[in-house]
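Listed in order, the protein sequences are those of chains A and B. Per this note's numbering, the very first residue in the first sequence carries number 113; after that it's consecutive. Per this note's numbering, the very first residue in the second sequence carries number 113; after that it's consecutive.
Check before you lean on any hint, since a few could be wrong.
Here are the computed lysine to aspartate or glutamate pairs in the DMTMM-like style, where the Cα-Cα straight-line distance is at most 25 Å [as the list claims (entries may be wrong)]: (1) A/Lys356 to B/Asp352; (2) A/Lys360 to B/Asp258; (3) B/Lys356 to A/Asp258; (4) A/Lys188 to B/Glu294; (5) A/Lys297 to B/Glu227; (6) B/Lys297 to A/Glu329; (7) A/Lys297 to B/Glu329; (8) B/Lys355 to A/Glu329; (9) A/Lys297 to B/Glu177; (10) A/Lys355 to B/Asp352; (11) A/Lys303 to B/Glu233; (12) B/Lys297 to A/Asp352; (13) B/Lys310 to A/Asp258; (14) B/Lys303 to A/Glu233; (15) B/Lys303 to A/Asp258; (16) A/Lys303 to B/Glu294; (17) B/Lys297 to A/Glu180; (18) B/Lys188 to A/Glu294; (19) A/Lys297 to B/Glu180; (20) A/Lys297 to B/Asp258; (21) A/Lys188 to B/Glu329; (22) B/Lys360 to A/Glu329; (23) A/Lys303 to B/Asp295; (24) A/Lys310 to B/Asp123; (25) B/Lys356 to A/Asp352; (26) A/Lys355 to B/Glu329; (27) B/Lys355 to A/Asp352; (28) B/Lys297 to A/Glu233; (29) B/Lys307 to A/Asp258; (30) B/Lys303 to A/Glu294; (31) B/Lys297 to A/Glu348; (32) B/Lys297 to A/Asp258; (33) B/Lys188 to A/Asp295.
Example chain B residues on the side facing chain A (calculated, C-beta under 8 Å, incomplete) [said to hold, decoys possible]: (34) Asp324; (35) Tyr326; (36) Ile339; (37) Ser428.
These are computed hints drawn from the structure, not numbers from a lab. Cβ coordinates follow ideal geometry from the N, Cα and C atoms, glycine included.
There are 2 protein chains.
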Amino acid sequence: MKIAVDAMGGDHGPAPNVEGAIQAAAELNVAVVLVGDEARLQAQLQRMGCRDPRITIRHAPQVVEMHESPAQVARKKRQSSVWIATELVKAGEAEAVISAGNTGAAMVAAFFVLELTKGVERPAIATMLPTLTGHAVMLDVGANVDCTANHLEQFALMGNEYAKHVLGKVNPRVGLLSIGEEDSKGNEVTKEAFKLLKASPINFIGNVEGRDVYSGEADVVVCDGFIGNVALKISEGVADTIKKLLLKEIGGSFLGRLAYPLIAAPLLKLKRKIDYAEFGGAPLLGVNGICMICHGRSSAKAIKNAIRRAKSLAESRMTDLIRQDIEESLGRHRQEAQHEASA
Amino acid sequence: MKIAVDAMGGDHGPAPNVEGAIQAAAELNVAVVLVGDEARLQAQLQRMGCRDPRITIRHAPQVVEMHESPAQVARKKRQSSVWIATELVKAGEAEAVISAGNTGAAMVAAFFVLELTKGVERPAIATMLPTLTGHAVMLDVGANVDCTANHLEQFALMGNEYAKHVLGKVNPRVGLLSIGEEDSKGNEVTKEAFKLLKASPINFIGNVEGRDVYSGEADVVVCDGFIGNVALKISEGVADTIKKLLLKEIGGSFLGRLAYPLIAAPLLKLKRKIDYAEFGGAPLLGVNGICMICHGRSSAKAIKNAIRRAKSLAESRMTDLIRQDIEESLGRHRQEAQHEASA
Numbered sequence: 113m114k115i116a117v118d119a120m121g122g123d124h125g126p127a128p129n130v131e132g133a134i135q136a137a138a139e140l141n142v143a144v145v146l147v148g149d150e151a152r153l154q155a156q157l158q159r160m161g162c163r164d165p166r167i168t169i170r171h172a173p174q175v176v177e178m179h180e181s182p183a184q185v186a187r188k189k190r191q192s193s194v195w196i197a198t199e200l201v202k203a204g205e206a207e208a209v210i211s212a213g214n215t216g217a218a219m220v221a222a223f224f225v226l227e228l229t230k231g232v233e234r235p236a237i238a239t240m241l242p243t244l245t246g247h248a249v250m251l252d253v254g255a256n257v258d259c260t261a262n263h264l265e266q267f268a269l270m271g272n273e274y275a276k277h278v279l280g281k282v283n284p285r286v287g288l289l290s291i292g293e294e295d296s297k298g299n300e301v302t303k304e305a306f307k308l309l310k311a312s313p314i315n316f317i318g319n320v321e322g323r324d325v326y327s328g329e330a331d332v333v334v335c336d337g338f339i340g341n342v343a344l345k346i347s348e349g350v351a352d353t354i355k356k357l358l359l360k361e362i363g364g365s366f367l368g369r370l371a372y373p374l375i376a377a378p379l380l381k382l383k384r385k386i387d388y389a390e391f392g393g394a395p396l397l398g399v400n401g402i403c404m405i406c407h408g409r410s411s412a413k414a415i416k417n418a419i420r421r422a423k424s425l426a427e428s429r430m431t432d433l434i435r436q437d438i439e440e441s442l443g444r445h446r447q448e449a450q451h452e453a454s455a
Numbered sequence: 113m114k115i116a117v118d119a120m121g122g123d124h125g126p127a128p129n130v131e132g133a134i135q136a137a138a139e140l141n142v143a144v145v146l147v148g149d150e151a152r153l154q155a156q157l158q159r160m161g162c163r164d165p166r167i168t169i170r171h172a173p174q175v176v177e178m179h180e181s182p183a184q185v186a187r188k189k190r191q192s193s194v195w196i197a198t199e200l201v202k203a204g205e206a207e208a209v210i211s212a213g214n215t216g217a218a219m220v221a222a223f224f225v226l227e228l229t230k231g232v233e234r235p236a237i238a239t240m241l242p243t244l245t246g247h248a249v250m251l252d253v254g255a256n257v258d259c260t261a262n263h264l265e266q267f268a269l270m271g272n273e274y275a276k277h278v279l280g281k282v283n284p285r286v287g288l289l290s291i292g293e294e295d296s297k298g299n300e301v302t303k304e305a306f307k308l309l310k311a312s313p314i315n316f317i318g319n320v321e322g323r324d325v326y327s328g329e330a331d332v333v334v335c336d337g338f339i340g341n342v343a344l345k346i347s348e349g350v351a352d353t354i355k356k357l358l359l360k361e362i363g364g365s366f367l368g369r370l371a372y373p374l375i376a377a378p379l380l381k382l383k384r385k386i387d388y389a390e391f392g393g394a395p396l397l398g399v400n401g402i403c404m405i406c407h408g409r410s411s412a413k414a415i416k417n418a419i420r421r422a423k424s425l426a427e428s429r430m431t432d433l434i435r436q437d438i439e440e441s442l443g444r445h446r447q448e449a450q451h452e453a454s455a
């Protein structure tokens with residue numbers, strides 16, 4: 113098993129990518145190909161005293177900056193580390209690609225190079241959220257901002273497969289993020305998606321409200337990428353605000369200062385859980401290959417965790433499972449259309 | 113100044129409404145007309161030993177239940193407490209209506225009885241959020257689920273007037289809730305709204321991300337009612353989860369148990385701040401009259417606070433200010449259309 117890492121991506125340059133790759137090779141028994149500026153990566157490996165033959169380098173002359181638009185990347189950056197790393201997956205030289213760089217660039221590379229899985233209309237980024245009872249999968253959290261009901265149905269199918277794998281549940285409870293539990297609540301798109309999901313073979317539990325996301329009522333929370341991204345960032349904002357306000361209140365008293373470490377540690381833990389970076393990256397589902405998107409601030413540990421997850425997704429043949437589900441779903445829709453036409 | 117209270121609305125029946133009205137009359141020098149079942153309200157007043165002549169009762173033979181749809185209410189519940197309370201505002205017998213009952217019923221009554229302010233296409237519920245530096249206004253948080261860019265522009269104008277009043281700021285910073293700070297980020301609707309807001313006379317600071325909502329970067333956060341409602345409820349969910357996880361961690365140690373009250377109190381305070389109920393209700397902006405929507409769980413104090421805010425909104429002639437702003441905005445749009453036509 114070989115994993116391609118966009119070694120130039122991320123806020124901290126090659127260091128955490130290289131270090132994460134070294135740790136992964138040692139602990140997870142995988143080969144890693146670091147894609148990027150050969151001289152810099154060679155120097156980084158030497159600095160870290162790495163002589164592991166499972167770590168190799170593939171030169172890429174270009175780097176995508178954080179501010180570059182996906183359109184620019186597709187036109188002018190096909191020699192960049194993220195693009196070439198993705199091409200290694202396409203060519204069968206690697207089983208997965210991992211990038212902590214520009215998210216739009218990783219998506220556009222996956223879209224053009226790996227291409228969409230047959231039948232998938234839009235890919236989706238699936239993240240893990242902490243809940244009171246464990247974890248839940250939320251998707252899409254940023255790949256698509258304007259979605260139709262059909263897109264949401266496909267996200268539900270893809271999230272269902274991912275949750276089976278990552279949460280180890282046989283029949284994950286899939287909920288649709290909306291503004292009330294009743295069937296009739298929601299906007300035009302979610303009301304239509306509700307009907308599609310009710311007719312699908314997954315374990316659809318209906319609408320879930322914002323406040324149920326963290327209580328653990330659903331294993332999979334389906335939404336469009338605009339809502340999902342706002343929801344994630346609002347969550348970060350609330351957690352951060354609570355932490356700051358609490359520490360302020362607590363810092364004002366002697367007893368409070370004694371208790372400080374007791375409170376700071378669990379808050380930090382929670383913040384890390386919410387931040388998908390720390391959780392080992394979020395896959396872009398719906399493309400022909402495993403593509404893990406990591407936060408720009410990813411540490412070496414986060415990169416190692418992303419490599420671990422990518423390996424296990426590749427081993428479970430996630431891409432094939434999703435293709436089968438989507439094909440079956442399209443088959444059902446065709447049958448329904450025929451029934452309606454002949455009725 | 114007389115305020116009409118839907119005395120039958122809310123999870124706890126007439127008690128908190130009546131008690132809140134008594135407190136308001138005593139502290140705020142307002143008259144309150146309690147609308148609902150005369151016998152029950154009379155009995156409640158007697159139980160509370162109220163002989164204040166500023167508290168009066170207006171009989172309403174019907175009550176709207178929490179599960180009833182707005183359409184049902186408009187067809188069959190025009191003799192309900194919330195409907196008749198709203199009619200008192202229309203007739204000039206009261207300056208504002210307050211309801212802790214079914215939100216959809218309060219909205220539909222305001223919509224049919226008070227009607228939309230001239231030029232306003234959709235009303236919006238504006239709530240107050242706590243931030244690291246004070247408070248911010250967010251709208252819409254649930255009146256409209258499918259909005260156009262023009263609706264968002266109107267929400268911005270209405271929120272701007274409300275923020276001037278409620279935050280006491282001369283030139284509130286107005287932000288558009290989106291998924292990135294750059295102009296180009298967002299969905300189709302927010303990208304179009306961005307252009308409209310940039311051309312408007314308000315202090316538009318551009319897109320704000322979810323995580324900026326609570327940091328206090330904007331005084332007014334504009335979004336559609338679907339996103340706003342999800343964002344509010346996600347916030348409640350995160351706050352609740354953090355509280356539960358923290359208390360669990362803390363309860364496990366002696367030092368932690370000592371610190372418990374230090375942490376529980378600020379958490380409760382924050383939760384109350386987020387919950388618009390406790391904050392004295394949220395106005396439905398864009399109708400011809402003051403309509404305050406309170407949470408079903410409202411306490412007497414919350415009802416009193418809602419009466420206080422309603423009084424101050426009525427005194428500031430909020431409805432007239434919003435009408436002027438919307439008229440000016442429509443005037444600008446007409447001029448632009450003429451320019452384009454003649455160009």
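Status of the hints after comparison with the structure:
Of the supplied pair hints, the one linking A/Lys356 and B/Asp352 holds, its CA atoms being roughly 16 Å apart against a limit of 25 Å. For the proposed pair A/Lys360 and B/Asp258, the alpha carbon gap of about 40 Å is over 25 Å, so the pair is violated. Our distance criterion of 25 Å between C-alpha atoms is broken by B/Lys356 and A/Asp258, whose separation comes to about 35 Å. With a C-alpha separation of about 21 Å, the suggested pair A/Lys188 and B/Glu294 falls inside the 25 Å cut-off, and the hint holds.
The hinted pair formed by A/Lys297 and B/Glu227 meets the criterion: a straight-line CA distance of about 24 Å does not exceed 25 Å. This hinted pair does not check out: B/Lys297 and A/Glu329 have alpha carbons roughly 31 Å apart, beyond 25 Å. Using a Cα cut-off of 25 Å, the hinted pair A/Lys297 and B/Glu329 is violated, with the two alpha carbons roughly 31 Å apart. Distance restraint check for B/Lys355 and A/Glu329: the Cα-Cα separation of roughly 18 Å lies within the 25 Å cut-off, and the hinted pair is therefore satisfied.
In summary, the hint linking A/Lys297 to B/Glu177 is supported, as the alpha carbons are separated by about 17 Å, within the 25 Å threshold. For the hint pairing A/Lys355 with B/Asp352, the CA-to-CA distance comes to about 13 Å; that is within 25 Å, so the pair holds. Using a Cα cut-off of 25 Å, the hinted pair A/Lys303 and B/Glu233 holds, with the two alpha carbons roughly 23 Å apart. Of the pairs offered as hints, the one joining B/Lys297 and A/Asp352 holds, with about 24 Å between alpha carbons and a cut-off of 25 Å not exceeded.
With a CA separation close to 22 Å, the supplied pair B/Lys310 and A/Asp258 stays within the 25 Å bound. Restraint check for B/Lys303 and A/Glu233: satisfied, since their Cα atoms lie roughly 23 Å apart, inside the 25 Å limit. Our distance criterion of 25 Å between C-alpha atoms is met by B/Lys303 and A/Asp258, whose separation comes to about 12 Å. Distance check on the hinted pair: A/Lys303 and B/Glu294 sit about 31 Å apart at the alpha-carbon level, beyond 25 Å; violated.
For the hint pairing B/Lys297 with A/Glu180, the CA-to-CA distance comes to about 13 Å; that is within 25 Å, so the pair holds. Of the supplied pair hints, the one linking B/Lys188 and A/Glu294 holds, its CA atoms being roughly 21 Å apart against a limit of 25 Å. Under the criterion of a C-alpha separation no larger than 25 Å, the hint pairing A/Lys297 with B/Glu180 is consistent with the structure, at around 13 Å. Taken as a hint, the A/Lys297 and B/Asp258 pair is honoured in the structure, with Cα atoms around 12 Å apart against an allowance of 25 Å.
Under the criterion of a C-alpha separation no larger than 25 Å, the hint pairing A/Lys188 with B/Glu329 is inconsistent with the structure, at around 35 Å. With a C-alpha separation of about 20 Å, the suggested pair B/Lys360 and A/Glu329 falls inside the 25 Å cut-off, and the hint holds. The hinted pair formed by A/Lys303 and B/Asp295 fails the criterion: a straight-line CA distance of about 30 Å is larger than 25 Å. With a C-alpha separation of about 31 Å, the suggested pair A/Lys310 and B/Asp123 falls outside the 25 Å cut-off, and the hint is violated.
With a CA separation close to 16 Å, the supplied pair B/Lys356 and A/Asp352 stays within the 25 Å bound. As the CA atoms of A/Lys355 and B/Glu329 are separated by approximately 18 Å, the hinted pair is consistent with the 25 Å bound. A hinted pair counts as satisfied when its Cα atoms are at most 25 Å apart, and B/Lys355 with A/Asp352 qualifies at roughly 13 Å. Taking the CA atoms of B/Lys297 and A/Glu233, the gap is about 21 Å. The hint holds against a cut of 25 Å.
Distance hint between B/Lys307 and A/Asp258 is fulfilled; the C-alpha atoms sit about 18 Å from each other, no more than 25 Å. For the proposed pair B/Lys303 and A/Glu294, the alpha carbon gap of about 31 Å is over 25 Å, so the pair is violated. For a cut-off of 25 Å, the pair hint linking B/Lys297 to A/Glu348 stands: about 19 Å separates their Cα positions. For the suggested pair B/Lys297 and A/Asp258, the alpha carbons sit about 12 Å apart, so the restraint of at most 25 Å is met.
For the hint linking B/Lys188 to A/Asp295, the alpha-carbon distance of about 22 Å falls within 25 Å, and the restraint holds. For B/Asp324, the shortest C-beta to C-beta distance to chain A is roughly 7 Å, which falls under 8 Å, so the interface hint holds. Given hint, B/Tyr326 at the interface with chain A, holds; its Cβ is 4 Å from that chain's nearest Cβ, closer than 8 Å. Restraint check, B/Ile339 versus chain A: the minimum CB separation of about 6 Å is within 8 Å; hint holds.
For B/Ser428, the interface hint is violated, since its Cβ never comes within 8 Å of a Cβ in chain A; the closest pair sits about 29 Å apart.
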